[in-house]
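Reminder that position 3 of the sequence shown reads as 3 in the numbering used here, one-by-one numbering, no gaps.
Some hints here could point you the wrong way.
Claimed, not checked - The calculated DSBU-like cross-link candidates involving lysine-lysine, where the alpha carbons are at most 35 Å apart (straight line), are: (1) K27 x K116; (2) K27 x K198; (3) K86 x K167; (4) K24 x K167; (5) K198 x K25; (6) K116 x K79; (7) K116 x K25; (8) K198 x K85; (9) K167 x K85; (10) K86 x K27; (11) K24 x K116; (12) K79 x K24; (13) K20 x K85; (14) K116 x K56; (15) K198 x K24; (16) K79 x K198; (17) K56 x K27; (18) K167 x K25; (19) K198 x K20; (20) K56 x K24; (21) K116 x K167; (22) K79 x K167; (23) K116 x K198; (24) K24 x K86; (25) K56 x K167; (26) K85 x K24.
Stated by the list, open to error - Label pairs and their computed distance ranges (CB to CB): (27) K86 x F9: 38 to 48 Å; (28) K27 x N220: 32 to 42 Å; (29) V71 x F196: 21 to 31 Å; (30) E138 x K85: 38 to 48 Å.
No wet-lab data here; the hints were simulated from the structure.
Glycine included, each C-beta is placed from N, C-alpha and C at the ideal position.
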Amino acid sequence: MTWLTAVAFPLTLVVYTLSKWLYKKYKTILVSPILLAPCLLIIFLLFSHGSYDQYKQGADFISYMLGPATVAFAVPMYKYFHLLKKHRVEIAVSVATGTLVAMVSSMVLAGLFHMKATLVQSIIPRSVTIPIAINVSETLGGDPNITILFVVLSGIIGTFIAPTLIKYLALHSSLAKGLLLGVASHGTGTARAFEFGKIEGTFSSLGMIVAALLTMVFANIFLPLLF
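Can you make the complete structure from the sequences, with help from the hints?
Listed below in structure tokens is the structure:
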């Protein structure tokens, strides 16, 4: 075991905790944990001349916990199940529309830039949370590494833009705010939704999960038409 492997896990926790503290204090996307923490770790690896493989060996447990963390979103969903049941039609229509728009826009851009099939299959699940996006990408024949990159970018951009849209569109509905963040920005957006309130976070959680399921269904329908 190298020194980098040994310190990878605690180092990641320290960097994430620092990023979260800065975000709570300054409330700007520039110090958001999903943006700042990876940048700090990359800089550390560059200056320490350590390899990513060595780092990954020590911090891989964090990646493993992404799955259980996603499942944990079911807790608030259970608590507010009566609201989910009450708005089931609005949720179904909104999530299906949002998922379809995200996929079609990806396919249109892929066609305009004449992207290879593997790249298209990798960016299709860009609006789905990472653990599910990886599985969807592998099922479609994409590259999970490319998928993760686009998922992170979608999360950052969506989380940055969504509050502005909510403000200028004068969205006061917890349902609208939650679904907007969950469908467009997956786990990152859901974390942001919980900052608005527990109900917004609950709707966002459901939107994120349903969007992941619909992405798999829609992808298998539309991808054969593209290639």
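Satisfaction of hint between K167 and K116, Cα-Cα up to 35 Å: 38 Å, violated
Take a quick look at whether K56 and K27 sit within 35 Å of each other, Cα to Cα. Measuring from Cα to Cα gives roughly 29 Å; hence the hint holds.
Sort out whether K198 lies within 35 Å of K116, counting only the CA atoms. Judged against 35 Å, a Cα distance of about 41 Å means the pair is violated.
If you draw a straight line from the CA of K86 to the CA of K167, is it 35 Å or shorter? 25 Å, holds
Run the distance test for K56 versus K167: straight-line Cα separation, threshold 35 Å. Status violated; Cα separation ~40 Å.
Do the alpha carbons of K198 and K24 lie within 35 Å of each other, as the hint requires? 17 Å, holds
K24 and K116 were given as a pair; does the straight-line alpha-carbon distance stay at or below 35 Å? Outside the cut-off at roughly 41 Å; violated.
Hint check: K198 vs K20, CA-CA at most 35 Å. Holds or violated? 19 Å, holds
Restraint check for K86 with K27, where alpha carbons must lie at most 35 Å apart: Within the cut-off at roughly 33 Å; holds.
Can the restraint linking K24 and K86 be considered satisfied, given a maximum Cα separation of 35 Å? At roughly 33 Å apart (the allowed maximum being 35 Å), K86 and K24 satisfy the hint.
K27 versus N220 beta-carbon gap, inside 32 to 42 Å or not: With Cβ atoms ~40 Å apart, the hint holds.
Keeping to a limit of 35 Å between CA atoms, is the pair of K20 and K85 held or broken? Holds - the C-alpha atoms of K85 and K20 are around 33 Å apart, at most 35 Å.
In the structure shown, a violation is registered for the earlier hints numbered 1, 6, 7, 11, 21, 23, 25 and 30, in ascending order.
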